[in-house]
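Novice: One letter stands for each residue in the lines below.
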Amino acid sequence: MIPPSFGYSAPRTLPEALQLMVQHGDAAKILAGGHSLLPMMKLRFAEPGHLIDINRIPELKGIREENGLIKIGAMTTENELIDSVLLQQKVPLLPEAARLIADPQVRNRGTIGGDIAHGDPGNDHPAISIALDATFILTGPRGQRNVAAANFFLGTYMTDMQSDEILTSIHVKPFSTNKTGSAYCKLKRKTGDFATAGAAVVLEISAGVVSLARIALTNVAPTALNAKAAAAALVGKPLTDASIKAAVDAAMAICDPAEDLRGDIEYKTAMAGEMTKRAIRLAASRCK
Amino acid sequence: MNAPLKDRQAALQGMGESRLRKEDARFIQGKGNYVDDIKMPGMLFMDIVRAPVAHARIKKINKEAALAIPGVHAVLTADDLKPLKLHWMPTLAGDVQAVLADEKVHFQMQEVAIVIADDRYIAADAVEAVVVEYDELPAVIDPFKALEQDAPILREDLAGKTEGAHGKRYHHNHIFTWDSGDKEKADAAFSAAQVTVEQKMFYQRVHPCPLETCGCVASFDPIRGELTTYITSQAPHVVRTVVSMLSGIPESKVRIISPDIGGGFGNKVGIYPGYVCAIVASIVLGRPVKWIEDRIENLSSTAFARDYHMTGELAATNEGKITGLRVNVIADHGAFDSCADPTKFPAGMFHIVSGSYDIPAAYCRVDGVYTNKAPGGVAYRCSFRVTEAVYLIERMVDVLAQKLNIDKAEIRRKNFIRKEQFPYTSAFGFEYDSGDYHTALDKVLNAVDYKGLRKEQAATRANPNSPTLMGIGLVSFTEVVGAGPSKICDILGVGMFDSCEIRVHPTGSAIARMGTITQGQGHQTTYAQIIATELGLPSEVIQVEEGDTSTAPYGLGTYGSRSTPVAGAAIALASRKIHAKAKKIAAHLLEVSENDLEWEIDRFKLKGDDSKFKTMKDIAWAAYHQPPAGMEPGLEAVHYYDPPNFTYPFGIYLCVVDIDKATGETKVRRFYALDDCGTRINPMIIDGQIHGGLTEGYAVAMGQQLTFDAQGNIQGNTLMDYFLPTAVETPKWETDFTVTPSPHHPLGAKGVAESPHVGSIPTFTSAVVDAFAHLGVTHMNMPHNAYRVWQQLQASGVTS
Ligand SMILES: Cc1cc2nc3c(=O)[nH]c(=O)nc-3n(C[C@H](O)[C@H](O)[C@H](O)COP(=O)(O)OP(=O)(O)OC[C@H]3O[C@@H](n4cnc5c(N)ncnc54)[C@H](O)[C@@H]3O)c2cc1C
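Chains A and B, in that order, are what the protein sequence lines are.
Just so we're aligned, residue 1 is where the first sequence starts under the numbering used here, counting upward by one.
Just so we're aligned, residue 1 is where the second sequence starts under the numbering used here, counting upward by one.
In short, the hints are calculated from the structure, not lab data.
Values in this document were obtained by computation on a predicted structure and should not be read as measured data.
Incorrect hints may have been included.
Cut-off 25 Å, straight-line C-alpha distance, at most; resulting in silico cross-link-like pairs (DSS-like, lysine-lysine) [stated by the list, open to error]:
{"id": "1", "chain 1": "A", "residue 1": "42", "chain 2": "B", "residue 2": "183"}
{"id": "2", "chain 1": "B", "residue 1": "667", "chain 2": "A", "residue 2": "188"}
{"id": "3", "chain 1": "A", "residue 1": "42", "chain 2": "A", "residue 2": "29"}
{"id": "4", "chain 1": "B", "residue 1": "661", "chain 2": "A", "residue 2": "188"}
{"id": "5", "chain 1": "B", "residue 1": "168", "chain 2": "B", "residue 2": "487"}
{"id": "6", "chain 1": "A", "residue 1": "288", "chain 2": "A", "residue 2": "245"}
{"id": "7", "chain 1": "B", "residue 1": "661", "chain 2": "A", "residue 2": "190"}
{"id": "8", "chain 1": "A", "residue 1": "90", "chain 2": "A", "residue 2": "288"}
{"id": "9", "chain 1": "A", "residue 1": "245", "chain 2": "B", "residue 2": "661"}
{"id": "10", "chain 1": "B", "residue 1": "183", "chain 2": "B", "residue 2": "321"}
{"id": "11", "chain 1": "A", "residue 1": "190", "chain 2": "B", "residue 2": "667"}
{"id": "12", "chain 1": "B", "residue 1": "617", "chain 2": "B", "residue 2": "607"}
{"id": "13", "chain 1": "B", "residue 1": "612", "chain 2": "B", "residue 2": "584"}
{"id": "14", "chain 1": "B", "residue 1": "85", "chain 2": "B", "residue 2": "59"}
{"id": "15", "chain 1": "B", "residue 1": "253", "chain 2": "B", "residue 2": "85"}
{"id": "16", "chain 1": "A", "residue 1": "190", "chain 2": "B", "residue 2": "732"}
{"id": "17", "chain 1": "B", "residue 1": "6", "chain 2": "B", "residue 2": "22"}
{"id": "18", "chain 1": "A", "residue 1": "188", "chain 2": "B", "residue 2": "732"}
If we take Cβ atoms under 10 Å as the criterion, some of the chain A residues that face chain B in the derived model are [stated by the list, open to error]:
{"id": "19", "residue": "5"}
{"id": "20", "residue": "43"}
{"id": "21", "residue": "103"}
{"id": "22", "residue": "191"}
{"id": "23", "residue": "193"}
{"id": "24", "residue": "261"}
{"id": "25", "residue": "270"}
Glycine is no exception: its CB is placed at the ideal position from the N, C-alpha and C atoms.
Looking at chain A on its own, in the form it has when it is part of the complex:
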């Protein structure tokens, strides 16, 4: 449980951090909250030669509303998401989901940016970002680019981010308060566990008809899944047991989980369905 030795820098600005990444090349790794990276280093699964600690860069932190968007700095911790009044009012899915991540110690240091950048299908933010239709802002030596959450996750520990890029912020559209409802349902074995299966749902219901639906699934495939067909099964009609069942079936159809101690393929797929069902019902009950 002791990593091999490594170098360490703690830049104060983003340009400095980018420059260090160029300097150290492939040996470099960004250190955010450290709650995914350090365990892997202690197990010697990851052996980066140099850590660039981005905790001291103020511009990567904080949550604000600007030009009709909620902008969340990549270095915002889970606990800051939970405590944010702005998010509680305008994107309640994020604080609700963050409460279900890990445990208080991890949430004190773990960041939304790290959770996304890590590309771990067991992490919760990938599916939540997809359900929120979030945009990720990546900054690199060639400047800035925006990537939609739905296009970002490529495989286990694989994302669209280049090795010299930094995820700097996450942009989310605020909910339209009178018709949007959302929910994150996560089945886990115990506090601090990753999901056996999880489902994030965002719904809009206008005049009794589902006008928008986004559904994304956690930990039932090599990446978070954008359950498009499941969402489509709900849209354009009132929410009924039949439409929910159709959505659940569509969600289960795309699951491709790996068997582990949490369960086999059958169980995890069934639980993805169950979490989808529960999240749809809960989200609908929140559309007012």
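Once you have looked at the hints, place chain B with the ligand on chain A.
Specialist: Relative to chain A, chain B with the ligand alone:
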């Protein structure tokens, strides 16, 4: 003037008081002193190279790269230990265990080599640099497969040995056969039975997982020839004896110290290769050497518990009166038999398996088997194999009740040993000292409105829209603790007595030194309370010291709920020796005959005259200042207590669960635990121990398991998978008690800290199975995690 009696009584904070724990002040301020807190000048660090595979021949070990790392002092393998004859060591169970893998690896994570370096970081790098070449062999994980004719020979070192430490070995992977009871009589009961039931069950491999992992700091002084070792041990005196025997250093020059211990639960009874290696390294290098396991090493290599494949059978009348019991066990001991049991009992006290019931004919047989898994089989918060025994009989009684369609409570009531039958000799020969099971059962059933619960359950079952299944678990367990009478119990030939030495100081304070060692049980608090009551000195001024073999009298340590039954009795009897001497001094001081004196809380007084008295404090001063002519000065005593019998605490536990039909998650709605541990020394500590034991029982029943894949790779050996409940998962516990004192114990006390673990585990299974009972399910193996329960929901056709 004399203070009122009750004030004097209260001032003592003696037995029966919920005195606050003395230990907590240092623990909650981070001022404990654990093994890893020990630092010594010149101390080096040891780390262990472990086998990546479960079964293999070692072709070659290349140390060069590791030795080339600056700061590395040594790399040692079995070949280096060979000249010292320390590459193998005897186990407490009469087997031998490789200290470092000798030519062959027997389980994944086995110790293969050690590195010693300036600090733990260099040591960790050096471990990676040791290159070991393996020739893999097929791994045997399943004990039934291990016993097949053509199974690979696991222990080549035992080749041709048909006689083991416990009799005949009938197969190359067989360790022992041990049985108890009367087979013919039991068979006859089955032939004549109106009804019989049989149930197979697997008690999974679990691990005690104490918060503090194992480790030691060994320091050999080459000039004095003395060895001091700080160690995470529940039995420091036994460690001293073993270390002396292995090293040849006289026992008087070996000092073993168990400082603060962060939980043991049986995991810290045995002697591990890591300890031996650190000691050898210190002797070889002449410098202190520290070794501390990490969590993965703890869960993977140090002693596990259970791994019992059990088959139970009951014979009974149509009315549910049990007439016979048969039990057959295949016990997976892993690669070496390093169980920590009393020497003559390779399956511990498993023959308590007739439980709380009056069963006329019974027989049990246990066969120990080698597999390619880590060695162990320790008593995880229980007396030796009692958890397994209680689990089996409680499950069997439920199975019989189900078959006969008799209520679980009713069938127990029908078969309990009745109050007037005590002392009761079981078909296995245990003499149950005391008990009153019927009273306890009624108390619990009334407290929870058992009839109401059954009514509610019937309504839930009748409602197809109910999102949950409801289950009610009931267990009535009897433990056998306080090992033990030295006529039958010994470890390496040392009788399982325990000891206490008390010195009362001139000013009326006292120090007690014990052969036991607390690991969270609160000995410093409760032992002082016993002395306070016995001697009339305030517990506040009584120091309790344990764990240093150079100062404490010899004792066998703390496990198997033996501290209060054995050491607690030693305290009482040492106190009584002092009390007797004090009485003589009081008579001398008051110039009366001893017969004219009576004891009252904290003093001897003249019978019928409150004005003529000497307090124990007065007497203490006099003992050093003006003892009677011819009497030795001083006021101290030592007592070694060899118990005449075990004690038999018991309890009735009831649990209500609601199972989510869609996810298989089980919610414990209610858990009611009534314990009878005889005389209660500190009710608050008893409650705390029960809460802890129930929580660990919950962990075992609902989530804990060490699993292996077909190649013998251990899975789930981190706390991400291995279930340690936090406050979030832990159910709310309701506790209750009755008091049936032990007739043979000087205080009437029976031991309590393990009952809740032993009793609760089958209660959870009973509740979960009960939820499915109407669907014909009689048993489900643990752990009852959501995934496994969901599989049962599928199998039983339950839909949400
Ligand atoms: C016990 C435990 C339980 C957990 N349970 C959960 C859970 O239930 N759900 C869940 O979602 N997560 C869980 N986690 C993971 C936790 O949330 C991590 O904090 C998170 O995955 C990573 O965020 P971090 O800030 O700690 O990143 P780090 O660990 O510091 O970094 C993770 C990876 O992302 C890279 N990185 C980090 N930030 C950036 C950035 N801004 N730009 C580019 N690359 C970056 C790093 O180089 C590294 O490769 C758990 C962790 C632990 C230890």
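Novice: Does each hint fit the structure? Answer for all of them.
Specialist: Status of each hint after checking the structure:
1. 42(A) with 183(B): 55 Å, violated
2. 667(B) with 188(A): 14 Å, holds
3. 42(A) with 29(A): 15 Å, holds
4. 661(B) with 188(A): 16 Å, holds
5. 168(B) with 487(B): Between residue 168(B) and residue 487(B) the Cα gap is close to 24 Å, so the pair holds against 25 Å.
6. 288(A) with 245(A): 23 Å, holds
7. 661(B) with 190(A): 18 Å, holds
8. 90(A) with 288(A): Since the Cα atoms of residue 90(A) and residue 288(A) sit roughly 14 Å apart, the hinted pair holds (cutoff 25 Å).
9. 245(A) with 661(B): 17 Å, holds
10. 183(B) with 321(B): 20 Å, holds
11. 190(A) with 667(B): Cα-Cα ~12 Å, so holds.
12. 617(B) with 607(B): Roughly 19 Å between the alpha carbons, so the hint for residue 617(B) and residue 607(B) holds.
13. 612(B) with 584(B): This hinted pair holds, its Cα atoms lying about 15 Å apart.
14. 85(B) with 59(B): 21 Å, holds
15. 253(B) with 85(B): Since the Cα atoms of residue 253(B) and residue 85(B) sit roughly 20 Å apart, the hinted pair holds (cutoff 25 Å).
16. 190(A) with 732(B): With a Cα-Cα distance of about 16 Å, the restraint between residue 190(A) and residue 732(B) holds, given a limit of 25 Å.
17. 6(B) with 22(B): 23 Å, holds
18. 188(A) with 732(B): 20 Å, holds
19. 5: 7 Å, holds
20. 43: 8 Å, holds
21. 103: With Cβ-Cβ at 8 Å, under 10 Å, it holds.
22. 191: 4 Å, holds
23. 193: 7 Å, holds
24. 261: 5 Å, holds
25. 270: With a minimum Cβ separation of about 7 Å from chain B (threshold 10 Å), the hint on residue 270(A) holds.
The structure fails hint 1 only (numbered hints given earlier).
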